[in-house]
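Asker: Residue strings, one per chain:
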Amino acid sequence: MILEPERAAVLLAERLSRPPAGRAVPPAGADDPAPPDAAGFPVAHRDGSEWLALRTLEELGIHCEANGALQDLKGFLIASSRGAEIVVSDRLTAEERLVVYASLLAHAVLEEAPEKPDGLLSLLRLPAHTLLDEAREDSGAFFSHLEYVEGREPSLRSSAERRAEGAAAALAQAILRGRLDAIPRYAYRRRRDRSANDGLRPAMGRMWLELSHRTSLALFWLSPGYRRLRSRPEISQLVRALESLTRAAYDC
Amino acid sequence: MADRDEVQVARWSQIRERVGECLRDLRLGSEATSQARLSGDLEDLGYHVTQSMISRYEQGLLEAPLTLERLVGWALCCASLSAPAFRELLELAGYYLPWSLEDLSRFDRLLRHYRALPLPDQIVLRRSLLWNVLGLRASDAGREEGGAGGAGGAGGERDGIGNPNRPARGR
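Same order as they appear, the protein sequences are chains H and S. For the first sequence, position 224 (counting from the first letter as 1) is numbered 224 according to our numbering, and the numbering increases by one without interruption. Converting from the second sequence to our numbering requires adding 1000 to each position, the first position being numbered 1.
None of these hints come from the bench; they were simulated from the model. We put the beta carbon where it would ideally sit given N, CA and C, even for glycine. Accuracy of the hints is not assured; some may be wrong.
Sample of chain H residues lacking proximity to chain S, with all beta carbon distances greater than 10 Å (derived) [as the list claims (entries may be wrong)]:
id: 1; residue: R7
id: 2; residue: G48
id: 3; residue: G151
id: 4; residue: E165
id: 5; residue: R191
id: 6; residue: R201
id: 7; residue: P202
id: 8; residue: L222
id: 9; residue: L238
Some but not every residue of chain H turned toward chain S, in silico, with C-beta under 8 Å [unchecked claim]:
id: 10; residue: A69
id: 11; residue: L70
id: 12; residue: D72
id: 13; residue: F76
id: 14; residue: I78
id: 15; residue: S80
id: 16; residue: R82
id: 17; residue: E85
id: 18; residue: P154
id: 19; residue: L156
id: 20; residue: L229
The following residues of chain H were derived to be distant from chain S, with all beta-carbon distances above 10 Å [claimed, not checked]:
id: 21; residue: E115
id: 22; residue: D181
id: 23; residue: N197
id: 24; residue: Y226
id: 25; residue: E234
id: 26; residue: A241
id: 27; residue: L242
id: 28; residue: C252
Assemble the whole structure, with the sequences as input and the hints as a guide.
Answerer: What follows is the structure, encoded as structure tokens:
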């Protein structure tokens, strides 16, 4: 898949975390009654953050377009080896479009299961893997997600879909706030950290961190309460401190 | 048909009945679609295909093979991209799509999933999907209209097809 959702999520979160003063929005022409731009986006409703998100996505090769015909959909994402495209309703405000971009991106990130652990942990069937649909592990060729207008969603949703929706909403919020540290690492980073340090002690440390991150992901996936707790700044700081402590203690 | 040689005509005569059968199989596949509905769906997608043309296609009465774009459009409207009949059609016509069966099944699942959406949403989504299957983009359309053929457009029936890449896409 050409779409690199992890990279897009990290880059977008990083850019959105910058102060708004740093964002430049090209002004519409003075004598121009703000027509839509080439991709159909209503220029008059531009906002710095939405413009920044749009440019970031385009920069990563995700073609974005606004469309006036959508009724029940706020937007959708179609990605394949031929390219990625986001279409959003031009009836949405800039802020709403920004939320749709983040949500579509979050679903794309969560589509792929995290890389499997190695070492002793590889012998266990970890909850984080069992929670994700195994069929998704071979994904990469085609991905699509439809973002519905509130109240127009399909009435019948499986519990797995509802869980995915909750996790994606939390990830989308973290992207919008520019605070990916407010969610478990494996929720947005699907590859494991590599370490150059060999030996039993670093291996034990890595195993402990791996287990912690994956347990955190499992709880994040399952529990709305944990997602709320994990999003608090003091919890993020605590997690960072514990990880640093573990890395220092085990030299990993 | 002036630019079609004898061999082309002979080959088409050999395969057109089977092509017609495959097209009918696609339409009557997992979720049977009426000719009228298919005609409307193709029209929404940007092809001009009347109900009588569909009937003639299915009976193998046409004088020229269908283009890749039109075959894909047909299968897409019938949500039958992963059907064996579609693979056979591509093989008969000598076309190639760089998608695995799993990919095509995913396309079909999405197509069936969005049947519950209002028609305008379906049209926008279906057009995006068609473009993705064919590997085209809105920005490509302008260039293609200049003269060069579209992706895979190897068929002889270029006129009267109704360019699926029309600029009014979704706007």
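Asker: Any hints this thing doesn't respect? Which numbers, in order?
Answerer: 19, 20
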